[in-house]
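Student: Here is what each chain is made of, one letter per residue.
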Amino acid sequence: MSLRPATPVLAAFGALLALAGGEAAHAVLTAPREAARLQAEARLVRDLGLTDLALFTEARYTRHPSLADLATAFQDNPLSFDHFPSGSLIAPPEHFGPTALSFSAGDLR
Amino acid sequence: MTALNRHRALLDFTVAALARRRVKTLALVAVFAAVVFLLASAMFFAASLRREAEATLAGAPDLIVQSLSLGRQTMIGAEAVPQLAAIRGVTGVEGRLWGYFYDRINGANYTVMVPDTAAMMPPPGQVILGEAVPRLRDFKWQGTPLFLSRREGDLVRFDIARTLGTETALLSADLILMNEADFRSFFNVPAGQFTDLAVSVRNPRELSTVVAKATIRLPEARFVTRADIARTYQKLFDWREGVMVALAFVALLAFAIFAADKASGLSAEEAREIGILKAIGWDTRDVIAMKLWEGGLISGGAFLLGTVLAYAHVFWAGAPLFAPLLKGWAVIYPEFRLTPAIDALQLGTLFLLTTLPYAAATVVPVWRSAAADPDAVMR
Amino acid sequence: MITLHGVSKTYNEGRPNEVTALRGIDLAIAPGVTVLMGPSGSGKTTLLSLVGCMARPTTGRITLAGEVISSLPERFLTDLRRRRFGFVFQRFNLIRGLSVLENVVLPAAPLGAPRAEVEARALSRLEALGLAGKARMPVEVLSGGETQRAAIARALVNDAPVLIADEPTANLDTALAHRFLDIVAGLRAEGKTVILTSHDPRIISAAPVTAVVELRDGAILQVRS
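First to last, the sequence lines map onto chains A, B and C.
What the first sequence shows, in the numbering used here, is residues 36 to 144, in sequence order.
What the second sequence shows, in the numbering used here, is residues 843 to 1221, in sequence order.
What the third sequence shows, in the numbering used here, is residues 236 to 460, in sequence order.
Hints in this document: simulated from the structure, not taken from any laboratory.
One should not assume that every hint holds.
[Claimed, not checked] What the simulated footprint calls covered on chain C by chain B, stretch by stretch (three residues with Cβ under 8 Å from a Cβ of chain B suffice, anywhere in the stretch; the number is not a length):
id, stretch
1, 311-317
2, 335-343
3, 346-356
[Unchecked claim] Which residues of chain B face chain C? A partial, calculated answer using Cβ under 10 Å:
id, residue
4, 912
5, 1118
6, 1126
7, 1134
[To be verified] Here are the in silico distance ranges between beta carbons for each label pair:
id, chain 1, residue 1, chain 2, residue 2, range
8, A, 74, B, 930, 41 to 49 Å
9, C, 274, B, 1215, 48 to 56 Å
10, A, 63, B, 1057, 45 to 53 Å
11, A, 54, B, 845, 24 to 32 Å
12, B, 912, A, 63, 29 to 37 Å
13, A, 75, B, 845, 41 to 49 Å
14, C, 309, B, 845, 14 to 22 Å
15, B, 1210, C, 368, 36 to 44 Å
16, B, 862, A, 75, 26 to 34 Å
17, B, 862, C, 408, 49 to 57 Å
18, B, 1202, A, 57, 25 to 33 Å
19, B, 1186, C, 300, 53 to 61 Å
20, C, 309, A, 57, 43 to 51 Å
21, B, 900, A, 63, 21 to 29 Å
Every residue, glycine too, gets a C-beta built ideally from N, C-alpha and C.
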């Protein structure tokens, strides 16, 4: 009997399902290690009194969104790109040196 | 056995028929899988971050009291401490010292903090650093001191007591932990002034009562409860994921239009083939079952491929596609690994969202030709 | 034995384009080779599709081996058609892009027989028709005569006792027409019933033919045996 047309397709499905199974096994096997890591994080949170994730460090209100001032969504870094359209209308102060974005205030003029 | 053989035979025919347009079919699966990949990646990523925030921030202070002036947060005086401590149900009030430091060398914003507990408190002249600080400063040798410059010509030296590991990077990447005396002198904060106050409450269910009483004593203050913090994170990730979902939804919509166009514009050739199948003894159910297999193979295959890749992308590779998006204009991006967390409901929704419309778009247009009289081919 | 009693067939009944293709047909088709002849529009093809359970008569009754089949529900009719009849269409109607073998096994797909068995049957039928060497080739590369033989192999893969062919020699030259008649003679020898339509004199006067039914304007003009 010859190779049936669907056989390679079913084999590919089988391989994908096996991979999905491998990923599920990965999730299950790493669970204890991850739980321990989360516990370590929780301990750090308690020890330091942390309130926020260090995921967005560009401005105060993104670094600590839960503690952000109610009315001041201003930039912490005057040369960072603004989140608001008004930022394109006001030039940053001249006395700031070069930044990580590697241009200086003069370049914006 | 007969039913199995029948379905296998129908499947064989479907694959043989699809193989005639191999490139087109594979391209279709690839585009479909890419859409699923993006959506599933966003879902996995957001679900994992949400779970991380939930699990860790459960230990955040019960209540944080800030002083507000001119619409922004200002230092709060130590005189508020006894006022709050006197409220029934309050077990402790701690003045917290923390702030931001803009590093002019690399453009990063650090969070400088005085630890609440003695165990984490570095000795005078020393600091404990988050994972990203030595990385961005490119410290290569053990014992390299950290110099911080507050203004032109100013350099303050700190020795590094230790560095926090990457396993807590998601919370601590940008931290500089300082001794209280160092903090006050570095930032010029007079004694008796704090950034904010952390209040612990005996019974979390009394929190709203405590807040109500505290509001009377400190009318100018702002109170942030742990529930507020949790809510912030749920909302934040909902929003970010929402953007991703909105984008992917547009892609999915475009794909649906393409699929509907492809499937509903049943070509004369296809209609003729269905007529032939009917004439040689297939009935309507056989044709529909065959078409269901076709839709199932393409959409099911794309779903499986997309989600398997998304899992590998998010949990094995650390979501490199999202890093630039999340990093935004920031200089610091923590090096973190995510804990596999899969929202079964979301994944199920995604599955239905991808397979059902496609299967319908394949089967529905076939219905009419499949129900036609078998002798149509002879006329 | 297939019998028809007072069978008529009207298409698009009750609509402006109503056509009566057959009226009041009484006929008995015995095992052997029966040829339906007549000019185009005389109802040959309609009669074939009625006999082959592809369509139902508007009035009248059709029996197959003593069983009334004209009033069976759709599902039973399909089942009957699969197992009792094999069809060879005028334009052969093979599915392009698939191989000869894949085309030949198609009628067996809904029946759920094991693939190995079906494939063996298909290959032996192709072998008998001289197409074994081309089983794996796509149907587009076949010549006209080969295409027809592939279509005959497909019609016979379920071992149907009745083969129905619509204008089988219309697209064939004389040599191929004779080849087809040889195949028909072989089938007759196997004990199968063959029903053809044709207005080809070569067919009507050929040796294996046992009966000729002449149709005109949807009615039987005469029956010769």
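Student: Indicate, hint by hint, whether the structure satisfies it.
Tutor: Verification of the hints:
no.: 1; hint: 311-317; verdict: holds (count 3)
no.: 2; hint: 335-343; verdict: holds (count 5)
no.: 3; hint: 346-356; verdict: holds (count 6)
no.: 4; hint: 912; verdict: violated (76 Å)
no.: 5; hint: 1118; verdict: holds (5 Å)
no.: 6; hint: 1126; verdict: holds (8 Å)
no.: 7; hint: 1134; verdict: violated (14 Å)
no.: 8; hint: A:74 x B:930: 41 to 49 Å; verdict: violated (32 Å)
no.: 9; hint: C:274 x B:1215: 48 to 56 Å; verdict: violated (24 Å)
no.: 10; hint: A:63 x B:1057: 45 to 53 Å; verdict: holds (47 Å)
no.: 11; hint: A:54 x B:845: 24 to 32 Å; verdict: holds (29 Å)
no.: 12; hint: B:912 x A:63: 29 to 37 Å; verdict: violated (53 Å)
no.: 13; hint: A:75 x B:845: 41 to 49 Å; verdict: violated (54 Å)
no.: 14; hint: C:309 x B:845: 14 to 22 Å; verdict: holds (20 Å)
no.: 15; hint: B:1210 x C:368: 36 to 44 Å; verdict: holds (40 Å)
no.: 16; hint: B:862 x A:75: 26 to 34 Å; verdict: violated (57 Å)
no.: 17; hint: B:862 x C:408: 49 to 57 Å; verdict: violated (31 Å)
no.: 18; hint: B:1202 x A:57: 25 to 33 Å; verdict: holds (32 Å)
no.: 19; hint: B:1186 x C:300: 53 to 61 Å; verdict: holds (57 Å)
no.: 20; hint: C:309 x A:57: 43 to 51 Å; verdict: holds (47 Å)
no.: 21; hint: B:900 x A:63: 21 to 29 Å; verdict: holds (23 Å)
Comparing the model with each numbered hint stated earlier shows that hints 4, 7, 8, 9, 12, 13, 16 and 17 do not hold.
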